[in-house]
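**Q** Whenever a hint applies, use it, and build me the whole structure from the sequences.
There are 2 protein chains.
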Amino acid sequence: MDLSERQLQILQAIITDYVENAEPVGSRSIAKKYDLGVSPATIRNEMSDLEEMGYLTHPHTSAGRVPSDKAYRLYVNDLMKKKNLSAKDKRMINERLVASRDEFDRTIRHAAELLSEITHLASFAMTPAANQETISFIRLLPVDERTLILMIVGDSGNVTNTTLRLNVPYTQESLELLSKNMTVSYKGRTLDDVLKNEIAEDVGSDIEALAQLKGNVMPSFIRTLEDMLNVNLYMEGMTNIFNLPEYTSIDRARDFMELFARKDWFTQKMLARDDGVVVTIGEENDKMKDCTLITATYHVDGKLVGKIGVIGPTRMKYDEITSIMEYLTNNLSESFRLPGDTGDGNAGKDE
Amino acid sequence: MDLSERQLQILQAIITDYVENAEPVGSRSIAKKYDLGVSPATIRNEMSDLEEMGYLTHPHTSAGRVPSDKAYRLYVNDLMKKKNLSAKDKRMINERLVASRDEFDRTIRHAAELLSEITHLASFAMTPAANQETISFIRLLPVDERTLILMIVGDSGNVTNTTLRLNVPYTQESLELLSKNMTVSYKGRTLDDVLKNEIAEDVGSDIEALAQLKGNVMPSFIRTLEDMLNVNLYMEGMTNIFNLPEYTSIDRARDFMELFARKDWFTQKMLARDDGVVVTIGEENDKMKDCTLITATYHVDGKLVGKIGVIGPTRMKYDEITSIMEYLTNNLSESFRLPGDTGDGNAGKDE
DNA sequence: TGTTAGCACTCGACTATCGAGAGTGCTAAT
DNA sequence: ATTAGCACTCTCGATAGTCGAGTGCTAACA
Chain A
213 MDLSERQLQI LQAIITDYVE NAEPVGSRSI AKKYDLGVSP ATIRNEMSDL
263 EEMGYLTHPH TSAGRVPSDK AYRLYVNDLM KKKNLSAKDK RMINERLVAS
313 RDEFDRTIRH AAELLSEITH LASFAMTPAA NQETISFIRL LPVDERTLIL
363 MIVGDSGNVT NTTLRLNVPY TQESLELLSK NMTVSYKGRT LDDVLKNEIA
413 EDVGSDIEAL AQLKGNVMPS FIRTLEDMLN VNLYMEGMTN IFNLPEYTSI
463 DRARDFMELF ARKDWFTQKM LARDDGVVVT IGEENDKMKD CTLITATYHV
513 DGKLVGKIGV IGPTRMKYDE ITSIMEYLTN NLSESFRLPG DTGDGNAGKD
563 E
Chain R
213 MDLSERQLQI LQAIITDYVE NAEPVGSRSI AKKYDLGVSP ATIRNEMSDL
263 EEMGYLTHPH TSAGRVPSDK AYRLYVNDLM KKKNLSAKDK RMINERLVAS
313 RDEFDRTIRH AAELLSEITH LASFAMTPAA NQETISFIRL LPVDERTLIL
363 MIVGDSGNVT NTTLRLNVPY TQESLELLSK NMTVSYKGRT LDDVLKNEIA
413 EDVGSDIEAL AQLKGNVMPS FIRTLEDMLN VNLYMEGMTN IFNLPEYTSI
463 DRARDFMELF ARKDWFTQKM LARDDGVVVT IGEENDKMKD CTLITATYHV
513 DGKLVGKIGV IGPTRMKYDE ITSIMEYLTN NLSESFRLPG DTGDGNAGKD
563 E
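Order-wise, the sequence lines are chains A and R. Numbering-wise, the first sequence is residues 213 to 563 according to this note's numbering. Numbering-wise, the second sequence is residues 213 to 563 according to this note's numbering.
Keep in mind that a hint or two might mislead.
Just so you know, same-sequence chains aren't split out, so a pair can sit in one copy or run between any two.
[Stated by the list, open to error] Below, in silico cross-link-like pairs of lysine to any residue (SDA-like), each with a Cα-Cα straight-line distance of 25 Å or less: (1) K293 - G494; (2) K282 - M500; (3) K475 - T339; (4) K426 - S312.
Derived from the structure by calculation, the hints contain no laboratory data.
**A** This is the structure we're talking about:
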């Protein structure tokens, strides 16, 4: 039940046209614009077949055809040719993406901005998920007799700290001892590993003061680890979608915005996606049935993985956008490579 | 050119009615609902005068009257009576606002969520501006021979750190020395003070290695201070405005959203506002001419000042909303009081 | 002099109708 | 298998008519 060559051509033409003009496309205009050497009537017959197979739909009797999710899926999988970036887009990315390994957050947010500007869609970017980050060392710093700072440093330069206040004073020695003690226990282990296995573990110690202090510190330690695992999600260019014809109705626009407001849900959804450029179309997304979501991954030290993506109506320029995202994430990963390449010791210059 | 008692009554009635129903209000309905003891005709005459004075406008000839910005201003300044919180709102705030001094960001975001839920408007909250925060100590921690962490700790428990990589290795001693050296120099001074006065200062030192290290660290030090000064801005409930009749037009909704997208601009605007509950109406805001913005301030240790606010159409329940915000910020400030009251030493429980 | 009833007038909102245009689906001819 | 021809369907925009809410004015009234 494969499609004939001609059917594929027609389908492709319809998709191209519809993506361009956002209006149901008729047999006549296909025949005129893309010379397939057949008459509108023939095209009509083929269209009817394509509709029966689920590749096209019909807003109403006397309107043209619109590609279905299934059609876009076919297009993305088989029909689409890799598109070369336009010189303008390439230049834009090269010039404007000043990535600094020391400033993930800023860089990532920047990338999302850039992406939404280039694609004219809404974009988002996630800082790397630190699940596979390994602990480099742990330090406890005194502030005053009952207040201290707990600091966890990861091998990729991730640093997270919490200030905590105890009920009872602690001693300087026990603090230093505990720092070393914890560093020895956890060094080289991943956050995931520690969080899963450590919580229940009993903390024995010869020294009474140390055991007590550790008992007080552990809850914060766990909370801080969880903090480290939290990814930040940045969203940009949401208002771009107002310019698209599919969102001129206030209701659709509202739905779209409400979806985005559920950041936590969205984050979970994103984390679950595979590596590389992933496209999910319409019904393939359980909510947002009329959106397409394209994500791509970038890497930090080849270990941590962050995501960046765009979201828009199913009608979008798949070829262009996937190319842009591939290029962009390659650039990002390049910038986030292991230190040494960069050479520059001090803070990167500002934007 | 003061308003007569009756004019005030009529104006108040119009405002009340319009705020409630979002529709231009006519003389007849005023006469019926609020018995002022006069006929619609009389009210019409007064309305005409009020319009001439700029308190009312007229969408078109045969429509009712709508309060102008000037009318709302009069209402807020003179007419409005302080409203007691509804039991429901009070309970909601008491129960749901779990404030923890250790987790500003989470608490603040939570407060914004709550506020938008109660008011059915868009809300935002800013973490405290740290301008007046004083430095408690500065610490440099070794990671590897060329990598180190710079950590600045403020007196209110603010901790910020940066990882930096040097071109050349440093020695352990110079690192410790510089830590102490910097702490001595900056302890007790406000961030503002240090940023303004320190940058140009020459860093002399007897020891060659120390001077060199300090030269390498200073740019990061300044950048980290700037980081500490950055406030976070959280926005919540933006989609609430879609339910308001003034935003059924896609264009207005778009304008509103675009305004919010300019976070940096918005932050600047907010920082410039006075303490306490501040209401700016329509034209009083240079952009967003048809919005009202209400902000209120909360305090941390009576020193740092954060802001929380709502934004919506000029037509809003000023009395209710200002009361809610007053109550909410009082609660927040209470929770963020100096340590010692709270008693609880460990991490607060999760939500 | 302030208040009120009465009335003509205005304007937007809604509804109905109509024609134009685009596009289909079917049939019959090639 | 392809195509031309044609009737049919449906949307969209324009036009017109009606209804109702509300004003502004005038004249009468207390």
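**Q** For each hint, tell me whether it holds in the structure or not.
**A** Verification of the supplied hints:
1. K293 - G494: Within one copy, since 21 Å is at most 25 Å while 52 Å is not.
2. K282 - M500: within (16 Å within a copy, 43 Å between copies)
3. K475 - T339: Classified as both; 14 Å inside a copy, 19 Å across copies.
4. K426 - S312: The answer is between: 22 Å across copies meets 25 Å, while 36 Å in one copy does not.
In summary, the structure agrees with every hint in the numbered list given earlier.
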